[in-house]
Amino acid sequence: MDPSIVKELEAIVGPENVSTSVADTYVFGFDSSIHRHKADVVVMPVRTEEVSDIVKLANRHRIPVVARGGGTGLSGHAVPVKGGIVLSTRRMTKIIDVRVEDLYVRVQPGIINDDLNKVLMKRNFYFPPTPGSGKVATIGGMVANNASGMRAIKYGATRDYVMGMEVVLPTGELAHLGTRTIKNSSGYQLDRLIVGSEGTLGIITEITLRIMPVPGNKALVLAAFDDLRKAGQTISDVIAYPVIPSAMEFMDRTCIDAVISAFNVNFPHSEAIVMIELDGHLAEIADNMEIVEKIASDAGAIEVRSSDDPKEMAEWVAARKAVLPAMSAMPNKASVALADDMSVPISKIPDAVVAFHEIAKKYDIIIATYGHAGDGNLHTKFLLDVNDAKAWKRGEAAVGEVYAVVNSLGGTTSGEHGIAITKAPYMRKERKDTLAAMIAIKKALDPNNIMNPGKLFEWEGLILADLRYPAEVEEDGHPAEGFGEGVE
Amino acid sequence: MMAEFKPNRLNSVVDEMNTCTACATCLVTCDVFQVLQWDSSSPRGRVQLAYGLYTGEIEPDNSVLTRIYQCTKCGRCEQDCPSSVKLLDIFEAARHDLFEAGYRLEKYEKFSNKILTEGNPYNGEEPRWKIFGREPKERAEVAYFMGCKVAFQEPEMGRATIGLIEHLGVDYTLLDETCCGAPLVNAGVSDEEIRKIAEENVREIENRGVRKVIFSCPSCMMSFRDLYSEFTDLPFETEHEVEFFQNFGLELEHTDEKVTYHDPCHLGRHYGIYDEPRKLIARVPNINFVEMENTREKALCCGAGGSMKLADKELGIKVGEKRMKEADGRTVITACPNCKNNLKISGRVKGVSELLYENLKKE
Ligand SMILES: Cc1cc2nc3c(=O)[nH]c(=O)nc-3n(C[C@H](O)[C@H](O)[C@H](O)COP(=O)(O)OP(=O)(O)OC[C@H]3O[C@@H](n4cnc5c(N)ncnc54)[C@H](O)[C@@H]3O)c2cc1C
Ligand code: SF4
Ligand code: SF4
Chain Y
1 MDPSIVKELE AIVGPENVST SVADTYVFGF DSSIHRHKAD VVVMPVRTEE VSDIVKLANR
61 HRIPVVARGG GTGLSGHAVP VKGGIVLSTR RMTKIIDVRV EDLYVRVQPG IINDDLNKVL
121 MKRNFYFPPT PGSGKVATIG GMVANNASGM RAIKYGATRD YVMGMEVVLP TGELAHLGTR
181 TIKNSSGYQL DRLIVGSEGT LGIITEITLR IMPVPGNKAL VLAAFDDLRK AGQTISDVIA
241 YPVIPSAMEF MDRTCIDAVI SAFNVNFPHS EAIVMIELDG HLAEIADNME IVEKIASDAG
301 AIEVRSSDDP KEMAEWVAAR KAVLPAMSAM PNKASVALAD DMSVPISKIP DAVVAFHEIA
361 KKYDIIIATY GHAGDGNLHT KFLLDVNDAK AWKRGEAAVG EVYAVVNSLG GTTSGEHGIA
421 ITKAPYMRKE RKDTLAAMIA IKKALDPNNI MNPGKLFEWE GLILADLRYP AEVEEDGHPA
481 EGFGEGVE
Chain P
1001 MMAEFKPNRL NSVVDEMNTC TACATCLVTC DVFQVLQWDS SSPRGRVQLA YGLYTGEIEP
1061 DNSVLTRIYQ CTKCGRCEQD CPSSVKLLDI FEAARHDLFE AGYRLEKYEK FSNKILTEGN
1121 PYNGEEPRWK IFGREPKERA EVAYFMGCKV AFQEPEMGRA TIGLIEHLGV DYTLLDETCC
1181 GAPLVNAGVS DEEIRKIAEE NVREIENRGV RKVIFSCPSC MMSFRDLYSE FTDLPFETEH
1241 EVEFFQNFGL ELEHTDEKVT YHDPCHLGRH YGIYDEPRKL IARVPNINFV EMENTREKAL
1301 CCGAGGSMKL ADKELGIKVG EKRMKEADGR TVITACPNCK NNLKISGRVK GVSELLYENL
1361 KKE
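In order, the protein sequences belong to chains Y and P. Numbering-wise (this note's numbering), the first sequence opens with residue 1 and increments by one. Numbering-wise (this note's numbering), the second sequence opens with residue 1001 and increments by one.
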């Protein structure tokens, strides 16, 4: 990086908030994905004006700018694949205004989801779309990825809560999108365009979020099945009844066996477990609990348990959360983020999981499937020997087949984690008739292509690039196999 | 002298580094990261730096060294990691390989040299027992291994411990001890040097026919239990003083002092010794005890572990300040001279033995 540009950055944010050190440029090149690429310089602004000055400078010199919140993106979102400036929002953590009477809160983008909720909970309100990474993910990162969590089935995704925002556009100008009102029909909903834009259209410097009252009581129903289809039937029947649970979580046999063997969890050995969370008033919960228990039994569950005891419920939830550590405990294999969050129509979950099992067998890898079954969003964990290039290539081929299945079932590449690098080739195929529009929007807003360049539709290569693991994986020039053209 | 960096010990923790899913859970509770807010100062960042050193992608320059050593080795990250990554092994391997190749922060180098040549890092010239005016006995049932910090920087803690032991009529001796070696491990000094120290200390104790060694410093105890046992048999029991004093009755005066308790990382998180110090404090009649917001497994770090203040003194003090805020003006009781030494910069602190000793009923 040209030292004169570093000097200018120092003049904008102060020398203590700029670093070109080996340690910082290296570490700020990683996120929670399989990729990494070194940054040239890291800056930590505090105020919107500073962000604007940084972006103007970058735009003048055609330097890439990559916004970074918690660095928990799972597909390489914040990895500066073209180098340049990593702009960390860790010092932009203010809650500007809490207006429960107007149902909104205004925040800076670097505030962490759980930190915001801690403050809101004191007023009996919250921002519902808590992701699994809520302790570390920032609101800016969540908006940029349209993140959501296990309660999306009832409470929606981040996009459903964004009322407005302030954005530094790629030219450095400031734009105020959306409003602070619940309703808004005033022209293009440009705030919605920024949601899910993965840092490619501007830097969000302030967000107005809708907030909700904290729901009351909770109960859990846990149903175990000896057949995936019976689990799928239960999921569909609960929703069609209709009972809209606050969460409906799913685990396949690979996950169940892993948590039982690693942590001796008191779960039935079975093909699938569905955990259904109900919330609301006590009477409503009691009614719904009976309905859900009956649906599960009728579908042929081998065991149904219910609880409203906070301790017992916490144990079940902990067991569900133990999937990841249980996977990590498997010897000689590491859990890697590949094809990690596809969504399918809810009723297609059993088809998808059966197909994933077959693909895992074919490529001799372990694929564990779990997820937010209530909204059709599945998570797969790929377990590979990460030192072995061949295992990676088998993994890559399996990813291609997984997405072929997902698309043939009418699903989508990413339900909540976003695209960035690891899912780019598959998103490109899935959305081929909207790519031109996306590219036109990007060009209009970011003429010099400085905002998080090289991601989404711009990602040219294969997915096993810039790996943060020791294996040397050669690219063979062909996108992953198995992805049929006949995509619906 | 700088040699070529070789990932000799990092080679043995590659699987641990690969197991890290980079989930960032460990960022939440690392006090160092919470103060500095640079991702490179987080546990995950340090694992990544260790990985970069292992693959040779990064040069071990000063920025890398500083980040690697800006860690108190409090173990919170390892405790909280959902994938059970052995972070402390990774950090120690990185420090070891850096030190071995001659990539050393100046202060660690000086500190280590002093320990290796003088037996302690604090310019202590006289034998420790002399400071307390008690010559070692030829033979005794119990030995008190006071450690460098107590001897040369927190002697009032030692005086209190010795006072209690004598009050209880225990057959005990002080020792001709040398630094336990923990700061050398923190620096990354080779096993060979540490083995020599281990053998020297163990021999000194063995020769006096001692059956039980008691410690004020959890890190010294950790050196004996976890490190020395790798090199040599320990022909005696080891106990922290808060465990030792459980076995005795003490008649104590009333006090209405407002106190709280800080869990030292090496005593609590590492050995699970949480109840013993609290039980001792509760023995003081009328004492006004309130827990801090984050206690036991969730206790914040004092900021002085891992010899971190050699890498970044100001950071250590800031981490300590953060901890002391939770005391909300109460006297902080703790069970580690290192914790006391750093926390007292930001408020009133005493050791458990000091609290007990000053409240002993006068006969
Ligand atoms: C263990 C784990 C569990 C997870 N669970 C979930 C889950 O349940 N649901 C879910 O949806 N996701 C989940 N994720 C993924 C991830 O946490 C989310 O995508 C989250 O929204 C990322 O937020 P972040 O602050 O870490 O963003 P980063 O990773 O730092 O950045 C993500 C993207 O947002 C952009 N960005 C960040 N801040 C700004 C800004 N101010 N302006 C413009 N662009 C910006 C970046 O450029 C990047 O493209 C999980 C991740 C992990 C590691
Ligand atoms: S908590 Fe464990 S797995 Fe997660 S980033 Fe930290 S070391 Fe890695
Ligand atoms: S040991 Fe403590 S200070 Fe060091 S990285 Fe882990 S949590 Fe942070």
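Among the hints, erroneous ones may be present.
To be verified - As a list, the in silico BS3-like pairs of lysine-lysine whose alpha-carbon atoms are at most 30 Å apart: (1) 1196/P x 1279/P; (2) 1325/P x 135/Y; (3) 311/Y x 1298/P; (4) 333/Y x 1258/P; (5) 1298/P x 135/Y; (6) 390/Y x 1279/P; (7) 1258/P x 135/Y; (8) 94/Y x 1006/P; (9) 1322/P x 135/Y; (10) 38/Y x 1006/P; (11) 122/Y x 1258/P; (12) 321/Y x 1298/P; (13) 1325/P x 393/Y; (14) 1086/P x 94/Y; (15) 118/Y x 1006/P.
Hint data in this document are derived by calculation from the structure and do not stem from the laboratory.
Now for the hints, and whether the structure bears them out:
no.: 1; hint: 1196/P x 1279/P; verdict: violated (37 Å)
no.: 2; hint: 1325/P x 135/Y; verdict: holds (22 Å)
no.: 3; hint: 311/Y x 1298/P; verdict: holds (20 Å)
no.: 4; hint: 333/Y x 1258/P; verdict: violated (52 Å)
no.: 5; hint: 1298/P x 135/Y; verdict: holds (15 Å)
no.: 6; hint: 390/Y x 1279/P; verdict: violated (57 Å)
no.: 7; hint: 1258/P x 135/Y; verdict: violated (34 Å)
no.: 8; hint: 94/Y x 1006/P; verdict: violated (44 Å)
no.: 9; hint: 1322/P x 135/Y; verdict: holds (20 Å)
no.: 10; hint: 38/Y x 1006/P; verdict: holds (22 Å)
no.: 11; hint: 122/Y x 1258/P; verdict: holds (29 Å)
no.: 12; hint: 321/Y x 1298/P; verdict: holds (20 Å)
no.: 13; hint: 1325/P x 393/Y; verdict: violated (52 Å)
no.: 14; hint: 1086/P x 94/Y; verdict: violated (34 Å)
no.: 15; hint: 118/Y x 1006/P; verdict: violated (46 Å)
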